[in-house]
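Chains A and B are the protein sequences, given in the same order. For the first sequence, numbering that gives the first Met the number 0 gives the first residue as 0, with consecutive numbering after it. For the second sequence, numbering that gives the first Met the number 0 gives the first residue as 0, with consecutive numbering after it.
A hint or two may mislead.
[Said to hold, decoys possible] Simulated crosslink set (DSBU-like; lysine-lysine; CA at most 35 Å straight-line):
| no. | chain 1 | residue 1 | chain 2 | residue 2 |
| --- | --- | --- | --- | --- |
| 1 | B | K104 | A | K179 |
| 2 | B | K19 | A | K52 |
| 3 | A | K179 | B | K19 |
| 4 | B | K104 | B | K19 |
| 5 | A | K34 | A | K52 |
Since the hints were made in silico from the structure, they are not lab data.
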Amino acid sequence: MANTDGTHVNHDGNLGVSALQAGLAPCLACGTLHKWPTDASCRRCGGVVRSRKRFSLQRTWAFLFVGILAYIPANILPIMDTRSFLGNTSDTILTGVAALLADGSYFVAIIVFVASVCIPVIKFVVIGGLALSLQFHWAMSESTRQRLHVITEFIGRWSMIDVFVVAVLAALIQLGAVIKVVPGPGINWFAVSVVFTMLSATSLDARLIWDGRSDGA
Amino acid sequence: MPAGTQARCERCEHVVFTNKAHSIDRALAASLAGIVLLIVSLWLPFLALSRSGFESQISVLDAVSALWLSDMRWLAIFSLGFIVLLPLVRLSFIAWVLWQLRLDKPARPAMRWAFRWAEFLEPWAMAEIFMVGVVVSLVKISSIAALTVGLAFWSLLALIAVTTLVSVVLCRDTVWQRLTNSSPTAVQPMAGQ
Chain A
0 MANTDGTHVN HDGNLGVSAL QAGLAPCLAC GTLHKWPTDA SCRRCGGVVR
50 SRKRFSLQRT WAFLFVGILA YIPANILPIM DTRSFLGNTS DTILTGVAAL
100 LADGSYFVAI IVFVASVCIP VIKFVVIGGL ALSLQFHWAM SESTRQRLHV
150 ITEFIGRWSM IDVFVVAVLA ALIQLGAVIK VVPGPGINWF AVSVVFTMLS
200 ATSLDARLIW DGRSDGA
Chain B
0 MPAGTQARCE RCEHVVFTNK AHSIDRALAA SLAGIVLLIV SLWLPFLALS
50 RSGFESQISV LDAVSALWLS DMRWLAIFSL GFIVLLPLVR LSFIAWVLWQ
100 LRLDKPARPA MRWAFRWAEF LEPWAMAEIF MVGVVVSLVK ISSIAALTVG
150 LAFWSLLALI AVTTLVSVVL CRDTVWQRLT NSSPTAVQPM AGQ
């Protein structure tokens with residue numbers, strides 16, 4: 000729990016001191032502590048030394064907006080065209096899930112739905128919510144926010160499943176005139192959305208959560 | 000800190016420091032195995048499909064070139080990176096750094112640079128996500144055609160297990176401490192504690 004002077008009390012009731020209060024900052028790559036402020040890069044590994052990531056919230060917002068915007072065409076445009084002698088069909092992300100459901104592949108349908116719809120939307124909401132709470136100093140439990148942040152960093156990459164599904168299907172289903180699968184433009188936008196949301200999650204500096212203020216210093 | 004123990008953050012209970020036993024040996028073995036599995040799986044048959052006299056067989060790289068041939072050049076390049084290049088680069092960096100440490104070579108800036116990049120690349124190496132995508136594709140196809148999975152499929156599955164093993168047994172704190180001591184005769188910081 001945070002005291003008014005910004006120090007923290009641990010489980011034993013002892014006062015803890017943050018690195019920033021101690022005039023220290025870690026290397027973001029290897030964790031070596033340095034005197035802060037400093038202009039130098041890490042003396043051990045050459046990585047970036049920051050007390051708080053620079054422009055953390057601005058970057059988070061910028062990447063998040065690109066991620067959300069790209070998610071719109073990703074869902075509207077087809078991700079896959081199936082051309083067969085029976086005719087052509089176009090699948091978007093959602094009709095792809097519906098096709099799996101119609102086949103009775105419920106488990107796989109759930110995997111694809113979670114990876115392509117639930118995870119991106121949850122990430123937009125969670126990263127947006129964390130960034131808003133930091134921007135406007137909302138009162139929220141620090142440990143809850145910390146856990147949300149760890150989860151967003153961990154799950155984001157799993158959204159790429161649908162991109163790889165389309166790549167494999169397009170490579171494998173090339174049976175001449177019988178049936179042929181061609182990737183659609185939606186999958187490009189989807190990949191852009193996933194990558195930028197991942198960048199957004201890594202831009203958000205978790206230490207801001209514990210500052211109780213957003214300017215970082 | 001005794002071997003086999005860890006320290007946690009008092010605020011959020013995130014693990015901040017570990018001292019895993021036999022970390023360098025185990026992680027080196029696992030990362031070398033991973034490199035072999037990844038390279039081998041590029042040349043072995045991956046998936047094959049047949050229906051009404053037509054057959055098609057692909058390797059892992061064909062999945063990437065299918066995107067390239069559909070004029071999705073950027074997506075093809077990024078997929079190649081996510082699936083093949085970044086996992087390979089990451090495992091090679093880790094194996095090289097650990098190999099040098101194993102031979103008690105002095106820590107050099109290049110080793111620190113390599114290990115820093117190996118850590119940075121971790122979320123972008125997506126071989127395991129690719130394999131989940133492959134399994135989903137197999138389920139999608141199974142209703143329209145007969146499928147055979149080749150050796151590359153199994154070696155990529157093994158690669159996922161081995162890559163997971165690397166991140167489980169690799170003790171980054173130990174490695175960074177070893178990389179800090181530049182003298183080859185330096186005592187291993189964790190030995191005997």
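Now for the hints, and whether the structure bears them out:
Between K104 (chain B) and K179 (chain A), the direct Cα distance comes to roughly 54 Å. Violation of the 35 Å bound is thereby established for this hinted pair. With a CA separation close to 29 Å, the supplied pair K19 (chain B) and K52 (chain A) stays within the 35 Å bound. The straight-line distance between the Cα atoms of K179 (chain A) and K19 (chain B) is roughly 51 Å, outside the 35 Å bound, and the hint therefore fails. For the suggested pair K104 (chain B) and K19 (chain B), the alpha carbons sit about 21 Å apart, so the restraint of at most 35 Å is met.
Restraint check: the Cα-Cα separation between K34 (chain A) and K52 (chain A) comes to about 16 Å, which is no more than 35 Å; the hinted pair holds.
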